[in-house]
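Now for the letters of each chain:
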Amino acid sequence: GAVVSQHPSRVICKSGTSVKIECRSLDFQATTMFWYRQFPKQSLMLMATSNEGSKATYEQGVEKDKFLINHASLTLSTLTVTSAHPEDSSFYICSARVGDPYSNQPQHFGDGTRLSIL
Amino acid sequence: GNSVTQMEGPVTLSEEAFLTINCTYTATGYPSLFWYVQYPGEGLQLLLKATKADDKGSNKGFEATYRKETTSFHLEKGSVQVSDSAVYFCALSGVRAAGNKLTFGGGTRVLVKP
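For the record, the sequence lines run as chains A and B. Reminder that position 77 of the first sequence reads as 75 in the working numbering, one-by-one numbering, no gaps. Take any residue in the second sequence, count from 1 to its spot, add 36: that is its number in the working numbering.
Possibly wrong hints are sitting among the right ones.
Straight line, CA to CA, 25 Å or less: simulated PhoX-like cross-link-like pairs of lysine-lysine [unchecked claim]:
(1) K39(A) with K104(B)
(2) K137(B) with K53(A)
(3) K39(A) with K113(B)
(4) K88(B) with K39(A)
Stretch by stretch, here's where chain A covers chain B in the computed footprint (C-beta under 8 Å, at least three residues) [stated by the list, open to error]:
(5) 79 to 86
(6) 140 to 150
It is worth saying that the hints were derived from the structure and are not from the lab. Just so it is clear, CB atoms sit at the ideal spot from N, CA and C, and this is done for glycine as well.
Isolated chain B, as found in the complex:
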């Protein structure tokens, strides 16, 4: 079945540091890939997505590239802010036969200190 593995947190950084959160996946076919962010006490917000190999999703300074050869979708940001402190979830959406349910990674908590 489909699965998503992402690095465990917490990840603690200083403001303006470079952030990378690794995400790898296992899936049949050609899934779509997503990064969601969850702030404390809230639901998930879509951060970015990529629907095919070599696509780069980007939003709010965050980027992730769909790498089919390494089955990865690592999230990066060049200079983090305190407001980026949150839990980040990598997810994939399966192919049509699977009903396109989302499969989530375990989440990575990021704490940015001033």
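Looking at chain A on its own, in the form it has when it is part of the complex:
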């Protein structure tokens, strides 16, 4: 149980294009989803918290106009990297949590998306 699917697993595109990454909870409803960024050999950096039906909460220093998050249903959140540039190249990981926004249940992670901007 508690499977999170992330798609695509790898994206290579030209500078200036926008890229959409999907995160789905397959066998549970996720009121809250999280988006992380991970640089090589480093820990995960939380970008934003996404609650179904409301605006995402972004961490300090994360550009909300650059990284658009939509959480339209209890099983799907999307991250769109707009007008991507080489410095946006990274490994992006989503997670989902069962329960209300203040639940202490563990987060379940997707397999990540390797984004490479040429």
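Model the placement of chain B on the given structure of chain A, informed by the hints.
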């Protein structure tokens, strides 16, 4: 604020050796503690968790005990296998007022050689 400190890697071991990865934390209140494992090119998988003091989380031969007096949650395995080679992350989930975000340690890379 909350923070998690774990030993830096890489940790290189021979198969069947004993593994310990130290993790200490700083947090207000009574956080939940987690160990996640990341295999190359993949996301994180929950390995084990503990939600209150003296709880012991265990899974796949790994164990960790929530020690409030030493604010620690060290990960141990008695006999590692090559398949245990991965990066291990210690994490805590804050109290309700903090929205229960996860705070991660820096990760410890473990390499098990045959």
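Of the numbered hints stated previously, which ones are contradicted by the structure, given in increasing order? 1, 4
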